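Peer 1: Using the hints, position chain B against chain A.
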Amino acid sequence: MIKEENYLKNLAELCLSKSKSFGSTDSNVVVSNTVSESVNIRNKKLDGSERSENLSVKLTTFIGKKKASISSSNLKEKNLEDLVKRCVEATKITPDDELNSLPDKDLYFVGDKNLNLYDDTHIENEQKINFIREAENAAFSNEKIVNTNGSGFSETKSNFVLANSSGFSNGYKTSNFTAYCEVVSKSNGSMERDYEFSSRRFFNDLMKPEEMGKNASELAIKKLNPKKIKSEKISIIFDKRVSKNILSTFANCISASVIAKGTTFLKDKLNEKIFNDKINIVDKGDIKKGIGSRYFDSEGVEVKELNLVKDGILKDYLIDTYYGKKINKKSNGRSSGTTNLYFKNGEKTLDEILNSSKKVLYINETIGRGANIITGDYSVGASGVMVENGEFTNPVSEITIAGNFNDIFKNLVLADDLEFNFSTNSPTMLIEGMTVGGI
Amino acid sequence: MSNFFKDTDLDLKKAEKLVSDTLHNCDDGELYLEDTKSESIVLDDNKIKSSNYTTDIGYGFRAINGDVVAYSHSNEISEKSLINSSKNLKSTLKNTKGTYNYEIKKTNQKFYKEIDPIEEKSLSNKILLLNKINDYSRSIDSNVKQVTANFLGEKKSVEILRSGGEILNDVRPLIRFNVSIMVEKNGRKETGVYGIGGRQSYEDYLKNDNWKRVCEEAYRIANTNLESKPSPAGEMKVVLGPGWPAILIHEAVGHGLEGDFNRKKTSVFHDLVGKKVASEGVTIIDDGTLDNRRGSLNIDDEGTPTEKTVLIENGILKNFMQDRLNARLMNTRSTGNGRRESYKHVVMPRMRNTIMLNGKNTQEEMINSVDKGIFAVSFGGGQVDITSGKFVFNCTEAYEIINGKIGAPIKGATLIGDGPSSLKEVLMVGNDMMLDPGIGTCGKAGQGVPVGVGQPSLLIDKMTVGGTQI
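Those protein sequences? They're chains A and B, same order as listed.
First residue of the first sequence: 3, per my numbering; consecutive thereafter.
First residue of the second sequence: 35, per my numbering; consecutive thereafter.
Keep in mind that the hints were calculated from the coordinates and are not lab data.
Heads up, a few of these hints could be off.
Stated by the list, open to error - Dumping the calculated DSS-like pairs for lysine-lysine here, alpha-carbon to alpha-carbon at most 30 Å:
#	chain 1	residue 1	chain 2	residue 2
1	A	K286	B	K83
2	A	K46	B	K121
3	A	K47	B	K219
4	B	K40	A	K22
5	A	K78	B	K128
6	B	K128	A	K47
7	B	K496	B	K458
8	A	K78	B	K51
9	A	K350	A	K361
10	A	K229	B	K48
11	B	K81	B	K144
12	A	K327	B	K83
13	A	K327	B	K81
14	A	K94	B	K81
15	B	K128	A	K210
16	A	K350	A	K11
17	A	K263	A	K67
18	A	K331	B	K83
19	A	K210	B	K478
20	A	K229	B	K310
21	B	K179	A	K332
22	B	K166	A	K87
23	B	K121	B	K47
24	A	K175	A	K271
25	A	K115	A	K312
26	B	K439	A	K269
27	B	K342	B	K147
28	B	K478	A	K317
29	B	K496	A	K232
30	B	K179	A	K230
31	B	K71	B	K241
32	B	K114	A	K5
33	B	K121	A	K175
34	B	K458	A	K146
35	A	K263	B	K47
36	B	K299	A	K80
37	B	K458	B	K144
What you are looking at is a predicted structure, and each value in this text was computed from that prediction instead of being measured.
Next up, chain A with everything else stripped away, as it sits in the complex (with noise of 0.2 Å):
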């Protein structure tokens, strides 16, 4: 069982009178309790299970101007006190810097907390495992199945208090039920991998389990006997699971401690034309049982719906309080990054993507990190299908795929079939003019 809101309050409370004790002239306090029970099958046998619990503390100190923190797991009462007095200790010895701050009050969330983040349910470990089995069960179905990584179920409950003293002290729970199948397909020596995964708030929601294996060894199966193709430029197209990466790199460079170090290369690019005027992203905290929801950032500031790109102009930043001050803006609740992250949805459908031109190259899977937001440079590794003529041909595998997100966040077309699937989400898109490297 999770703990209760007043065990979590009682023990930032002492966290925060133990600092002040000590000297400290400011302190913040996180204290958070998970509890997570997983199982694992494969090949439709059970293969493992895991229970996890912690609670644990993150305290940071001020005095005056200066800062430091500790996190433990290790809470008993003379631990904490001696942890307590060693971040203050840290805290006087650490130079001045004159960012350092908790929020401007005015700024602290304060309203309802009615998103629906929780669900009681407990899924007991049988009916886990069933539900898993039924996925394999279903994705063994097609012969060219032979064998799964694994498939798992989860269920997480957390709670967690953030108090500081400004006499902020909030909290709430959170639960995750996250199931995944992950398929083996083989056929004349080609072996490949793939998956379906859904995670959500509460059970009830989840994807039905024979569709999860239905989707796995259909994606699994399309990948086998890949072929290499030319090196070339090509439009391409990215299936939801890929084109999401692109929004995660571009919150990556909009987040204000990059633009304040002038670490990325969106830096100055407020109030301009980034993308194509049919662009539009928004970050939205509130969506109720949202995968991305929450009330309040890691420092107690409401998160406010944020429209970052409207008609391809660049309107906002996600901001923190310290780096706020830096570029004179206040902070916007994105200390933790982004909410629920996505695209507005474009104005093609899927069908008139596919058929954009005579040959495109629809990539399921990226691989590396190649994304550089300094430069705005992108390569990286990749797999997918060649589409002639708006039906899906042979597979393509070991290539790479290459571009300045300058060029493509400039030329990217989005298709009309979003959904909420994680916290950060994009409709397929359309790139035109990538670079492939093949043989």
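Peer 2: Chain B only, in chain A's frame:
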């Protein structure tokens, strides 16, 4: 001896009894206790951006029967918590009739000293040095616009209680020092990153102004990239420099030779033992016994002494890397590769220091033999798809080779290859083997563990380069 039960309602006897009672009908398992202290100090944008000290203590209780692993972990070391875990393990492993394998090899081998690197250098001294590093880096060139530098120190104490009362311990120090420098010239920005580290004290790595060389190297990479031109795209010859580029070995074959993927037959290598998987002259080992190296361990996280394991000898696949579970199921012995990120993680076969041994050629011969290709000197990171064998790694410093001569620097590009075939495409193995500077972290199934790599210069017949120029 054991400090883990101090100030708890447990003592060693009670814990041992609980372990033995829980595991006596199982094939394997243990109570793994861990106490980690770590410190991170970051200088960024001319300021000490953060100073954080963390202590994490907890246990992981594991029971194995056949191929089923039950694991329960918590940061509350108490009788109640252990009893709950024990019940949880038994509920997964109902009616088991395993035979506990008591045998574990003993060792007195020590590849690093039992020190606490965090306490050996005071916080104020570390802050002072970071500021000096910042000033020095900015003094190298007026084009230096950003400097980030950080110290990471850790002392991890582990204790393994096995059924029958056997206790195994290890104390593992680890430090890392990193510098990232951004330069700007005529509106163009580039970065260079360099770092050093291992299982010794800060002084061992920083003495004699050695830290200056780290700053200079980060600057050199950044400055080189300022002049870089777009990278070519397509298949071509690749010369890899010695040392850190050995992440090619780590990705191309290392992961595919880990016992779990081969026991499950999901690795492309699972049926290739005794077969030729690399060119003649290619010998690759995984070695946990190198003094003070980042990937070295006295014992692995199951208590097995580490060793030097030959993976590929003169092109022939010899051994996989094993933990106890996969070794037992494949009728072989553990090679001391059973590792976990922390008590919060299950054990898996993982690499230690993965190294390709010297051959006969010189780097010069390799470059001279290439009409058109690239010379890759430094890399950011890599990734592999074990099942298809495809792997990538990202160059952070590379040059074109034209008619046997090193040409202009080229922009960072991803290189992609096929694990089982790429080592057959090795045309020359250099005589200049070098280990990496001690900065590698390997990720697998969400767990990060410190590793090392090493290799001589290599000439590879063809790899696909992910540039923009056709």
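Peer 1: So, for every hint listed, does it hold in this structure?
Peer 2: Verification of the hints:
1. Note on K286(A) and K83(B): the hinted pairing holds, with a Cα-Cα distance of about 29 Å set against a maximum of 30 Å.
2. Restraint check: the Cα-Cα separation between K46(A) and K121(B) comes to about 24 Å, which is no more than 30 Å; the hinted pair holds.
3. Restraint check: the Cα-Cα separation between K47(A) and K219(B) comes to about 60 Å, which exceeds 30 Å; the hinted pair is violated.
4. Among the hinted pairs, K40(B) with K22(A) is consistent with the structure: their alpha-carbon atoms are about 29 Å apart, no more than 30 Å.
5. Taking the CA atoms of K78(A) and K128(B), the gap is about 35 Å. The hint is violated against a cut of 30 Å.
6. Under the criterion of a C-alpha separation no larger than 30 Å, the hint pairing K128(B) with K47(A) is consistent with the structure, at around 14 Å.
7. At most 30 Å may separate the alpha-carbon atoms for a hinted pair to count; K496(B) and K458(B) meet this at roughly 10 Å.
8. Note on K78(A) and K51(B): the hinted pairing holds, with a Cα-Cα distance of about 25 Å set against a maximum of 30 Å.
9. Restraint check for K350(A) and K361(A): the C-alpha separation of about 18 Å stays at or below 30 Å, so the hint holds.
10. At most 30 Å may separate the alpha-carbon atoms for a hinted pair to count; K229(A) and K48(B) exceed this at roughly 61 Å.
11. With a C-alpha separation of about 39 Å, the suggested pair K81(B) and K144(B) falls outside the 30 Å cut-off, and the hint is violated.
12. Only pairs whose Cα atoms come within 30 Å are accepted, and K327(A) paired with K83(B) is accepted, the gap being roughly 14 Å.
13. Distance restraint check for K327(A) and K81(B): the Cα-Cα separation of roughly 15 Å lies within the 30 Å cut-off, and the hinted pair is therefore satisfied.
14. Note on K94(A) and K81(B): the hinted pairing holds, with a Cα-Cα distance of about 15 Å set against a maximum of 30 Å.
15. Note on K128(B) and K210(A): the hinted pairing holds, with a Cα-Cα distance of about 28 Å set against a maximum of 30 Å.
16. For the given pair, K350(A) sits about 50 Å from K11(A) by alpha-carbon distance, which is inconsistent with the 30 Å threshold.
17. Note on K263(A) and K67(A): the hinted pairing holds, with a Cα-Cα distance of about 20 Å set against a maximum of 30 Å.
18. Pair hint K331(A) plus K83(B) holds up; C-alpha atoms about 19 Å apart against a cutoff of 30 Å.
19. For a cut-off of 30 Å, the pair hint linking K210(A) to K478(B) stands: about 28 Å separates their Cα positions.
20. Between K229(A) and K310(B) the alpha-carbon distance is near 24 Å, which keeps this suggested pair within the 30 Å criterion.
21. A hinted pair counts as satisfied when its Cα atoms are at most 30 Å apart, and K179(B) with K332(A) qualifies at roughly 25 Å.
22. Pair hint K166(B) plus K87(A) holds up; C-alpha atoms about 28 Å apart against a cutoff of 30 Å.
23. The hinted pair formed by K121(B) and K47(B) meets the criterion: a straight-line CA distance of about 19 Å does not exceed 30 Å.
24. Under the criterion of a C-alpha separation no larger than 30 Å, the hint pairing K175(A) with K271(A) is inconsistent with the structure, at around 38 Å.
25. For the given pair, K115(A) sits about 29 Å from K312(A) by alpha-carbon distance, which is consistent with the 30 Å threshold.
26. Between the alpha carbons of K439(B) and K269(A) the distance comes to roughly 38 Å, so the proposed pair goes past 30 Å and is violated.
27. For the suggested pair K342(B) and K147(B), the alpha carbons sit about 20 Å apart, so the restraint of at most 30 Å is met.
28. Pair hint K478(B) plus K317(A) does not hold up; C-alpha atoms about 38 Å apart against a cutoff of 30 Å.
29. Only pairs whose Cα atoms come within 30 Å are accepted, and K496(B) paired with K232(A) is accepted, the gap being roughly 14 Å.
30. Among the hinted pairs, K179(B) with K230(A) is inconsistent with the structure: their alpha-carbon atoms are about 42 Å apart, more than 30 Å.
31. Annotation: proposed proximity of K71(B) to K241(B) holds, straight-line Cα distance about 24 Å (limit 30 Å).
32. The suggested pairing of K114(B) with K5(A) holds, with an alpha-carbon distance near 16 Å, which does not exceed 30 Å.
33. Using a Cα cut-off of 30 Å, the hinted pair K121(B) and K175(A) holds, with the two alpha carbons roughly 26 Å apart.
34. Pair hint K458(B) plus K146(A) holds up; C-alpha atoms about 29 Å apart against a cutoff of 30 Å.
35. With a C-alpha separation of about 56 Å, the suggested pair K263(A) and K47(B) falls outside the 30 Å cut-off, and the hint is violated.
36. Distance check on the hinted pair: K299(B) and K80(A) sit about 50 Å apart at the alpha-carbon level, beyond 30 Å; violated.
37. With a C-alpha separation of about 36 Å, the suggested pairing of K458(B) with K144(B) is violated against the 30 Å cut-off.
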